[in-house]
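> My request is simple: use the sequences and hints to build the entire structure.
Residue-level listing of the chains:
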Amino acid sequence: MKFRMPAEKPMDSKQPPAARAQAKKTNKAEMTRRDLLRSGAAVATATLAPGVTLMAFGGSPAEAAAADAGKRWGLLIDVSKCQEDCNGCVQACSEENGWESTGHPETDAQWIRKVTLKNTATGHTQSMPMMCQHCESPPCVDVCPTGASMKRADGIVLVDKHTCIGCRYCMMACPFKARSFVHEPVVNQKSHAPRGQGTVESCTLCVHRVDKGGTPACVEACAAAGHDAIIFGDLKDPNSEISKRLAEYPSVALRPDLNVNPGVRYSNFG
Amino acid sequence: MAMDRTIYREIKATGGVWSLAILLGAFVAAAMGSVIYVEHHGHIVTGMNNSVVWGLPHVFAIFLIVAASGALNAASIASVFGQAPYKPIARLSAVLAMSLLVGGLAVLVLDLGRPDRLLVAMTTYNFKSIFSWNIYLYTGFLAVVAAYLFVQMSRIDYKYVRIVGTAAFLWRLALTTGTGSIFGWLVARPGYDAAIMAPLFIAMSFSFGLAMFILVLTMLFKLSGRKFGSGLRLRMGNLLALFAAAVLYFTIVQHLTAMYAAEHAGFERFILLEGGHVTFLFWVVQVLIGGILPIALIYLPTIRDSDSEPVWASVFVVIGGLAQVYVIVVGGQLYPMEVFPGYEVTASAFGDGEIASYAPKWSEVVLGLGGVAISLLAVGAAAKFLRILPTNLTEVNVPQD
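Chains as they are written, first to last, in the working numbering: chain A, 1 to 270; chain B, 271 to 671.
Please keep in mind that the hints were generated in silico from the structure rather than gathered at the bench.
There's no promise every hint is true.
[Unchecked claim] 30 Å max Cα-Cα, derived DSS-like pairs, lysine-lysine:
hint : chain 1 : residue 1 : chain 2 : residue 2
1    : A       : K236      : A       : K151
2    : B       : K282      : B       : K654
3    : A       : K151      : B       : K398
4    : A       : K236      : B       : K398
5    : A       : K212      : A       : K190
Bear in mind that the values here come from a model prediction, so they are computed numbers and not experimental data.
So this is what it looks like as structure tokens:
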């Protein structure tokens with residue numbers, strides 16, 4: 001059994017008017033000729049074949065083009081606030097996006113996972129979540145033969161479920177082990193997070209929420225648990241909380257030697 | 271220059287030929303069954319997982335693709351390097367090169383998560399991906415070698431054969447560079463991320479391809495009852511030993527370079543000392559059986575037996591070659607990536623910091639062997655329907671330098 005994408009309306013009409021107005025405002029300054037052509041193509045697609053074109057939420061080129069290039073979404077994880085015995089973010093992601101553990105971690109979907117790390121020099125032990133790091137120069141996007149692995153203009157790295165052929169080269173290239181291959185038929189999917197047997201998937205930064213002005217499920221769950229260890233926000237906006245915190249306190253990116261500039265940062269990690 | 275006395279004839283459909291064709295057909299049918307099985311249930315029924323994403327099918331596919339460009343050796347030696355004794359076997363060399371590539375690509379494509387989306391792979395490109403480049407390198411290789419075969423088989427001025435042959439030779443170098451770079455350009459994995467992958471793969475292609483060529487040529491001659499003198503076979507055997515030595519040389523440089531860098535010391539310790547079956551495959555199968563043994567067989571005068579030694583050396587090179595590709599592909603993924611340098615992972619839901627596990631399933635073995643069968647069926651069919659095989663390769667009929 002293969003999952004087929006549900007027909008969705010294009011992203012533009014999914015955005016609330018306020019978000020659209022904001023996007024338009026920000027875009028004006030940033031818009032290049034290429035952006036203009038892209039948006040033209042998106043409009044053409046939406047106008048000419050609204051009922052025929054299949055759209056995956058946030059994961060199709062038209063929607064990627066609709067993303068706001070004036071933003072770069074990212075996460076800041078305060079490792080000192082993350083509790084080793086808490087799995088709330090993982091649970092929330094699983095429920096939000098419709099993937100679950102079958103007890104076989106080697107072949108299960110792993111959009112987000114908890115790791116406990118011991119500093120080999122000091123012995124200091126900490127726990128933290130790991131997910132797609134939404135790199136600025138993502139190796140998975142570089143190696144993907146069909147362009148299914150892609151980075152939206154707002155920095156969110158996604159897999160286009162229509163063009164992923166399941167070659168798994170992106171999984172070979174990802175430095176963070178952040179991608180999973182769907183090994184089994186999928187059931188009970190969420191319409192906002194389509195999955196498909198034989199394709200690759202990873203954290204979408206809850207793009208379906210972000211595009212509606214919301215925050216990722218893991219961030220909400222962490223706050224609800226009273227830990228507030230994950231902050232979500234626009235790295236390009238100097239007035240956002242995430243930018244202010246990054247400017248004020250030291251933080252690190254994983255594998256800085258690779259120079260991929262992840263959009264996920266860790267603070268109080270040592 | 272070769273003489274016109276070389277006569278090419280199709281092989282006859284004898285009982286032996288039919289039996290072999292049916293056997294190979296059964297392997298292909300089994301592979302198709304395996305594809306449908308995996309397609310239906312998902313890759314959960316294979317031994318591959320989210321840590322070892324490429325398994326035995328890729329080992330077979332990469333072996334065949336690498337061997338494909340090396341199978342062109344005989345043709346290149348004849349028309350690019352002007353060695354007349356190789357001229358009568360140049361046609362088969364071109365056909366085998368194409369056949370091996372088709373078999374390898376079939377395995378690669380049929381193992382995709384979505385093999386039904388092949389059309390997407392052929393129409394949607396990301397030109398930054400070395401995989402995309404390879405799609406062009408592979409299809410281009412088929413086209414160039416087909417043209418090469420055409421000029422060889424037509425009564426055309428030999429200078430055109432040389433021109434097309436040179437193009438094919440350069441193309442095969444690019445092709446294997448591309449295949450090696452699939453691994454060489456993976457920056458995050460300690461087992462890869464090395465420019466030496468490209469020349470290593472080129473050396474491997476020279477060796478594996480010539481071994482496959484010697485075996486197929488010998489088999490076809492035996493099947494069709496034609497005479498194969500020891501002179502040419504010995505000549506190819508000598509060359510094979512040289513190529514096997516080149517593979518060993520590049521393997522030594524590959525590991526010495528990695529051992530020198532402290533960051534890769536753990537990976538080297540895994541492959542060379544503590545990797546269990548990977549370490550066994552490296553030392554015993556790849557180095558000893560696939561490298562030292564064939565070289566000794568060819569070069570040690572005490573065990574020289576001109577009739578069978580190149581054939582045995584080829585068998586060993588093929589076995590060692592499969593092991594080498596396994597060590598590179600699977601061994602490189604079994605060793606964990608260094609996601610958190612300076613930290614020890616004490617708990618992880620996804621095996622961070624641990625050696626991964628991989629136990630191949632029958633579905634993978636059957637698919638891989640199916641690819642080999644496709645290659646052999648294709649070359650057999652070509653020998654049956656095209657005049658690519660000389661009637662006689664004894665000393666008097668082989669043109670000399």
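> For each hint, tell me whether it holds in the structure or not.
Do the hints match the structure? See the list:
Under the criterion of a C-alpha separation no larger than 30 Å, the hint pairing K236 of chain A with K151 of chain A is consistent with the structure, at around 16 Å. This hinted pair checks out: K282 of chain B and K654 of chain B have alpha carbons roughly 7 Å apart, not beyond 30 Å. Restraint check: the Cα-Cα separation between K151 of chain A and K398 of chain B comes to about 14 Å, which is no more than 30 Å; the hinted pair holds. A C-alpha spacing of about 26 Å is found between K236 of chain A and K398 of chain B, which places the hinted pair at or below 30 Å, so the restraint holds.
For the given pair, K212 of chain A sits about 16 Å from K190 of chain A by alpha-carbon distance, which is consistent with the 30 Å threshold.
Going through the hint list in order, the structure satisfies each hint without exception.
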